[in-house]
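S.K.: With these hints in hand, go ahead and build the complete structure from the sequences.
Sequence lines, in order, name chains A and S. Quick note, the first sequence lines up with residues 1 to 160 if you use the numbering used here. Quick note, the second sequence lines up with residues 1 to 687 if you use the numbering used here.
Read the hints as simulated data drawn from the structure, not as lab findings. Given the structure is predicted, the values throughout are model-derived calculations rather than measurements. It is possible that some hints are incorrect.
As the list claims (entries may be wrong) - With a Cα cut of at most 27 Å, we get these calculated BS3-like pairs of lysine-lysine:
#, chain 1, residue 1, chain 2, residue 2
1, A, Lys148, S, Lys81
2, S, Lys31, S, Lys608
3, S, Lys552, A, Lys156
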Amino acid sequence: MPRRYGIACATCFVAALITILYGAGLARSTGRMAQEAPATTRSVWDGVYTEEQAKRGEETYRKECASCHGDTLVGGGGAAALTGGTFLSNWNGLTVGDLFERIRKTMPQGGLGKLTKQQDADVLAYLLSFNKFPTGKTELQKRVEFLKEIRFEATKPEAK
Amino acid sequence: MFLHSTNGVARWFVLAGLLAAFPLVAAGQWKAKDTEWPIYAADLAGTRYRPLAQINAGNFNDLEIAWRIKTDNFGNRPEYKLEGTPLMVNGVVYATAGSRRALIALDAATGELLWIHGEHEGARGGAAPRQLSGRGLAYWSDGREERILYVTPGYQLICLDAKTGMRVQGFGNKGAVDLKLNDDQEILPDLTTGEIGIQSAPVVAKDTVIVGASFREGMTPKSMRNNKGYVRGFDVRTGKRLWIFHTIPKKGEFGYDTWLNGSAEYTGNTGVWTQVTVDEELGLVYLPVESPTNDFYGGHRPGNNLFGESLVCVDLKTGQRRWHYQLVHHPLWDMDISAAPILADINVDGKVVKAVAQPSKQGFLYVFDRVTGKPVWPMEEKQVETGTVPGEWYSRTQPIPSKPPAYSRNGVRESDLIDFTPELLERGKAIASKYKLGPVFTPPSESKLDGTLGTLTVGTASGGTNWPGGSYDPETHIVYAFACNACVEPIGLVRAPKEVSDMNYIAGTAGEEVKILRGPGENAGADSPMPPKKRAGSGYVALNVDGLPLLKPPYGTITAINLDKGEIVWQVAHGETPDVVRNYPALKGINIPRTGQETYNIGTLVTKTLVIAGDGQITTTAEHPRGAMLRAYDKKTGKEVGAVYMPAAQSGSPMTYMAHGKQYIVVAVSGGAYSGEYIAYSLPAAE
Numbered sequence: 001m002p003r004r005y006g007i008a009c010a011t012c013f014v015a016a017l018i019t020i021l022y023g024a025g026l027a028r029s030t031g032r033m034a035q036e037a038p039a040t041t042r043s044v045w046d047g048v049y050t051e052e053q054a055k056r057g058e059e060t061y062r063k064e065c066a067s068c069h070g071d072t073l074v075g076g077g078g079a080a081a082l083t084g085g086t087f088l089s090n091w092n093g094l095t096v097g098d099l100f101e102r103i104r105k106t107m108p109q110g111g112l113g114k115l116t117k118q119q120d121a122d123v124l125a126y127l128l129s130f131n132k133f134p135t136g137k138t139e140l141q142k143r144v145e146f147l148k149e150i151r152f153e154a155t156k157p158e159a160k
Numbered sequence: 001m002f003l004h005s006t007n008g009v010a011r012w013f014v015l016a017g018l019l020a021a022f023p024l025v026a027a028g029q030w031k032a033k034d035t036e037w038p039i040y041a042a043d044l045a046g047t048r049y050r051p052l053a054q055i056n057a058g059n060f061n062d063l064e065i066a067w068r069i070k071t072d073n074f075g076n077r078p079e080y081k082l083e084g085t086p087l088m089v090n091g092v093v094y095a096t097a098g099s100r101r102a103l104i105a106l107d108a109a110t111g112e113l114l115w116i117h118g119e120h121e122g123a124r125g126g127a128a129p130r131q132l133s134g135r136g137l138a139y140w141s142d143g144r145e146e147r148i149l150y151v152t153p154g155y156q157l158i159c160l161d162a163k164t165g166m167r168v169q170g171f172g173n174k175g176a177v178d179l180k181l182n183d184d185q186e187i188l189p190d191l192t193t194g195e196i197g198i199q200s201a202p203v204v205a206k207d208t209v210i211v212g213a214s215f216r217e218g219m220t221p222k223s224m225r226n227n228k229g230y231v232r233g234f235d236v237r238t239g240k241r242l243w244i245f246h247t248i249p250k251k252g253e254f255g256y257d258t259w260l261n262g263s264a265e266y267t268g269n270t271g272v273w274t275q276v277t278v279d280e281e282l283g284l285v286y287l288p289v290e291s292p293t294n295d296f297y298g299g300h301r302p303g304n305n306l307f308g309e310s311l312v313c314v315d316l317k318t319g320q321r322r323w324h325y326q327l328v329h330h331p332l333w334d335m336d337i338s339a340a341p342i343l344a345d346i347n348v349d350g351k352v353v354k355a356v357a358q359p360s361k362q363g364f365l366y367v368f369d370r371v372t373g374k375p376v377w378p379m380e381e382k383q384v385e386t387g388t389v390p391g392e393w394y395s396r397t398q399p400i401p402s403k404p405p406a407y408s409r410n411g412v413r414e415s416d417l418i419d420f421t422p423e424l425l426e427r428g429k430a431i432a433s434k435y436k437l438g439p440v441f442t443p444p445s446e447s448k449l450d451g452t453l454g455t456l457t458v459g460t461a462s463g464g465t466n467w468p469g470g471s472y473d474p475e476t477h478i479v480y481a482f483a484c485n486a487c488v489e490p491i492g493l494v495r496a497p498k499e500v501s502d503m504n505y506i507a508g509t510a511g512e513e514v515k516i517l518r519g520p521g522e523n524a525g526a527d528s529p530m531p532p533k534k535r536a537g538s539g540y541v542a543l544n545v546d547g548l549p550l551l552k553p554p555y556g557t558i559t560a561i562n563l564d565k566g567e568i569v570w571q572v573a574h575g576e577t578p579d580v581v582r583n584y585p586a587l588k589g590i591n592i593p594r595t596g597q598e599t600y601n602i603g604t605l606v607t608k609t610l611v612i613a614g615d616g617q618i619t620t621t622a623e624h625p626r627g628a629m630l631r632a633y634d635k636k637t638g639k640e641v642g643a644v645y646m647p648a649a650q651s652g653s654p655m656t657y658m659a660h661g662k663q664y665i666v667v668a669v670s671g672g673a674y675s676g677e678y679i680a681y682s683l684p685a686a687e
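M.R.: Below is the structure:
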């Protein structure tokens, strides 16, 4: 028997209230925050992950992500592409930490919470590697506050 | 049981909901006003048109946000793919929202939440092939009672009281019809995990609710056997099944013989997953049917495969077929008929024609007499290339409309490749050289490391025009359709290992591990993964050049097509030039006109004077901060006359209505880091 939440249940009322408040105020501030250029000096073009990490990430990706997003990361149906124009436009101007948070909050869809922060950081390294961002000597950290220091830039800066 | 009446706060909410709704019209036949938006596509004709003029070319730039609602809490996690188009009737906006696919009712002027309803389906919802919030819902009224109908991810048809959001007890089983039952087939393997669902909105016409079916993506099925996507009509008062149409004919039914070797028995899919259109006056329903199992290989289903990729007209009362037209014989390109057919009363050579116009992934607008099913302009069966994939059965011809001309790119040739600079062209050619190229209906090919990796196509899986469909202006007889003009799809076929699929071939790339592609969330967590294979020797190549689209612009367009003449009136690139193009170092100083964007999920809205649609990608320009623009075009000329900022890309098609004398435009935005949100725009009260 399916449960319902209608006007009926108290928790839903709270959820509804939160949504209203969120819709009224928080959403705007989130929107603003997303537009601000993060005050960071590093970008994905500075070698922010290692080859070894990307390899670990690829193994996890193939087990946990590829069944929806595809071996070639092009997505399909409901699953977003993790490469190409729309992917780059979605993250260009944000940070690697924003992408990390999105993964933490929603993935894998069939087993939310299944992956550790380390595994998600590794998968992120694989996404960067697949999208041809250069490797470096240090691994991507699993702490979002550090990842938010790394700008996601779709276009390679001329000097580098 | 349904209302915790001890909860004073909840009672207040009910009261607020009732007060906010306008008094209903007098009992009797209910008729929608053209200041409302009572049906997913505005009306049963699929026009996405309202003759409203308060928002116009002169003031579009003044629009501001009237209200907005995030959908994060309508489910157990936020959703980043909000595709719904809300309805508005009697001052109340109804919408599907959030990862729960909850139903919400909002005050149309303020966005205040009036009620919310959700179904917790447990494992059945978790195993559903089409999850998340879906595209919308249906409204019905007899002038007294008001009902809301929608389909859950787990494939239940739910009927709610529009005033309270509670289930209507007299409909089906306490307000629900289990769509996995009474479907003239046993949904396998069981009711919980059996693959079938739908994400589009049901439609109600003359007290009949019409529901189709959808499945997981069809490129890499585990088996040639799958559940079938029949279409059914239900009584809106009782939930009783009134009729069924077998999209794959049963033995003895018309079309069964187009499935050779008895392949109609086991082949599945072939559903109607997009919006259905109805002519209530003629009593006819227009069903756009998708591809059979599997999308790109038909070796296990020799024959033309009716009613795969056909437009089928059935009787509204009985579901009996009146006529059909197969747009693609023996489908091999995933050219599902993905958009709502559009009903149009037009004048061709001095004669009035009741027509139906079908936008498509392949960029043809197919136009038929909707009474007889005869093409309005000659539709020649033209010889097409047959392929060489072992075991495949090929149709030697395909129907090609003589009018109107194709409105988007539907084949890839060398002349379509990126050519901003000679160096980029060379790099584009190097990528394309790994694929077979050709015009529309160039057949899929085997993926081989020592040959080509497959056929490079456009206007196939993504389209062209996909699920948002087109719009139609009944005053000027013009269809407006967005189309992706650069959504390339490599169609390579690989032999399927027996432990992966019982089909001879499924989609894949030579050298890559052969895998089943799932729908999102479809029991992915419970799967036992196959051991990862080494990528050594993989044939994969990225289909872009440093992130620049492989094909040349325009990447996405809106086209206006005059249906009286079968001619294109205007075409514009839709969407800001992507950042990757504008910021590409080698393109600095080169004047590149607006390119549009390579997205495929953009729907248009037509009003008295404007065509309105948002960008499908995020950009950051001197004119606006990081975000996307909702654009208005002069519908006569295609000239952009205004644009207003959205914090994220348009992910659901816009709609419009009047409330308290004000015109509103509501659009769903989401994607990337931005979770789903409905935003309502209107003009400021004071100058």
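S.K.: What hint numbers does the structure not satisfy?
M.R.: none
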